[in-house]
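Chemist: Could you build the full structure based on these sequences and the hints that come with them?
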Amino acid sequence: NARLQKKHRKQADALMPQAVAAYRSGRRAEAQAICGQILALLPDHVDALHLLGVTALDGGQLDLAEQALAKAVEVDPRHAEALSNLGLALFSRKRFEEARKCQERAVTLKPNLVVAQTGLGNTLMRLGRPDEAVAAHDRAIALKPDYADAYCNRGMALLTLNRNAEANQSFDRALSLNPRHMEAMFGKGLASIILRHFDDALAAFDAALAIRPRAAQVLAQRGRLHQQAGRFDPAMADFQAALSIDPRQE
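Start counting the sequence shown at 7; every next residue gets the next number (the numbering used here).
The reader is advised that the hints may include incorrect statements.
To be verified - List of simulated lysine to aspartate or glutamate pairs, EDC-like, C-alpha gap at most 20 angstroms: (1) 100 to 50; (2) 116 to 69; (3) 116 to 138; (4) 100 to 69; (5) 150 to 87; (6) 77 to 110; (7) 77 to 64; (8) 107 to 138; (9) 107 to 82.
What the hints assert, rightly or not - Pairwise CB distance ranges (calculated): (10) 249 to 212: 16 to 24 angstroms; (11) 104 to 235: 37 to 45 angstroms; (12) 114 to 52: 44 to 52 angstroms; (13) 114 to 240: 48 to 56 angstroms; (14) 49 to 175: 43 to 51 angstroms; (15) 52 to 212: 43 to 51 angstroms; (16) 175 to 216: 17 to 25 angstroms; (17) 10 to 167: 54 to 62 angstroms; (18) 243 to 36: 48 to 56 angstroms; (19) 84 to 246: 46 to 54 angstroms; (20) 243 to 42: 44 to 52 angstroms; (21) 83 to 235: 50 to 58 angstroms; (22) 27 to 107: 27 to 35 angstroms; (23) 167 to 253: 28 to 36 angstroms.
Because the hints were derived from the structure by calculation, they are not lab data. Built from N, CA and C at the ideal position, the CB exists for glycine as well.
Modeler: What follows is the structure in structure tokens.
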């Protein structure tokens with residue numbers, strides 16, 4: 007019924023800004039509920055499907071994120087942001103080949119979508135293609151020179167290629183843009199160990215743990231650093247803390 011469809015479209019158009027406002031204010035459950043109201047009226051409303059997927063992704067609800075974002079892409083196969091976010095959802099589920107395909111489609115449709123470029127870089131890194139990963143992060147940085155995440159991600163890829171001094175510079179650049187970037191601090195610590203800058207490594211791990219005290223990977227690395235320096239008591243304390251948080255730590 008065309009008249010009913012028009013009425014539903016009008017209701018949906020009135021609700022959508024409320025959903026966006028709720029999401030931007032950090033009220034994720036409210037945003038999801040409003041998206042649900044819109045989708046009850048119009049099940050193929052692509053903006054509501056996309057926002058529902060993004061809120062689910064932010065909240066770690068990966069089943070819902072994948073479902074909503076895959077539906078958004080089915081409704082609008084040229085929605086670059088939905089493709090990029092579907093790639094992130096698949097990446098989080100360790101389905102890297104599927105993630106790569108989504109992210110490559112996203113950057114083909116919208117080459118200036120920086121989050122898709124650096125997301126693709128992270129996926130390529132997990133697929134054992136670090137040279138291509140660096141190139142993707144470089145494209146993101148060329149588009150957005152103040153993008154701390156891209157510098158950090160680029161640093162991690164450079165470490166894999168043993169380009170350690172360049173990696174260190176990438177982490178420093180990320181930290182100059184965002185001094186509280188925990189992953190960049192961790193990367194800086196890893197690069198500093200390889201470059202034998204042990205005091206810098208310890209300072210970087212300490213700074214990372216000041217921000218996220220339960221980061222098991224960082225605790226384990228700091229423990230190894232203490233152990234190498236013959237500081238066995240703090241090394242043991244870090245190892246025990248890391249294992250209590252994540253028993254899979256080596």
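Chemist: If a hint holds in the structure, say so; if it doesn't, say that too.
Modeler: Do the hints match the structure? See the list:
1. Distance hint between residue 100 and residue 50 is unfulfilled; the C-alpha atoms sit about 28 angstroms from each other, more than 20 angstroms.
2. The straight-line distance between the Cα atoms of residue 116 and residue 69 is roughly 26 angstroms, outside the 20 angstroms bound, and the hint therefore fails.
3. The straight-line distance between the Cα atoms of residue 116 and residue 138 is roughly 18 angstroms, inside the 20 angstroms bound, and the hint therefore holds.
4. Proposed proximity of residue 100 and residue 69 is supported: the alpha carbons are some 13 angstroms apart, at most 20 angstroms.
5. Under the criterion of a C-alpha separation no larger than 20 angstroms, the hint pairing residue 150 with residue 87 is consistent with the structure, at around 17 angstroms.
6. Restraint check: the Cα-Cα separation between residue 77 and residue 110 comes to about 18 angstroms, which is no more than 20 angstroms; the hinted pair holds.
7. The straight-line distance between the Cα atoms of residue 77 and residue 64 is roughly 18 angstroms, inside the 20 angstroms bound, and the hint therefore holds.
8. For the given pair, residue 107 sits about 14 angstroms from residue 138 by alpha-carbon distance, which is consistent with the 20 angstroms threshold.
9. Our distance criterion of 20 angstroms between C-alpha atoms is met by residue 107 and residue 82, whose separation comes to about 16 angstroms.
10. A C-beta distance of roughly 20 angstroms is found between residue 249 and residue 212, which places it inside the suggested range of 16 to 24 angstroms.
11. Look at residue 104 against residue 235: about 44 angstroms separates their beta carbons, and that is inside 37 to 45 angstroms.
12. Between residue 114 and residue 52 the C-beta distance comes to about 19 angstroms, which lies outside the given range of 44 to 52 angstroms.
13. Checked against the hint of 48 to 56 angstroms, the C-beta distance between residue 114 and residue 240 comes to roughly 50 angstroms, which is consistent with it.
14. A hinted range of 43 to 51 angstroms for the beta carbons of residue 49 and residue 175 is consistent with their spacing of about 49 angstroms.
15. A C-beta distance of roughly 46 angstroms is found between residue 52 and residue 212, which places it inside the suggested range of 43 to 51 angstroms.
16. The hinted range of 17 to 25 angstroms is satisfied by residue 175 and residue 216, whose Cβ atoms lie roughly 23 angstroms apart.
17. Judged by the Cβ atoms, the range 54 to 62 angstroms given for residue 10 and residue 167 holds: they are separated by roughly 59 angstroms.
18. Evaluation of the 48 to 56 angstroms hint for residue 243 and residue 36 yields a failure: the beta carbon distance comes to about 42 angstroms.
19. For the pair residue 84 and residue 246, the beta carbons lie near 52 angstroms from each other, so the given range of 46 to 54 angstroms is met.
20. For residue 243 paired with residue 42, a C-beta distance near 47 angstroms keeps the hint of 44 to 52 angstroms intact.
21. The beta-carbon spacing between residue 83 and residue 235, approximately 55 angstroms, falls within the hinted interval of 50 to 58 angstroms.
22. For the hinted restraint 27 to 35 angstroms between residue 27 and residue 107, the CB-CB distance of approximately 33 angstroms keeps it satisfied.
23. Range check, residue 167 to residue 253: about 31 angstroms between beta-carbon atoms, so the 28 to 36 angstroms window is met.
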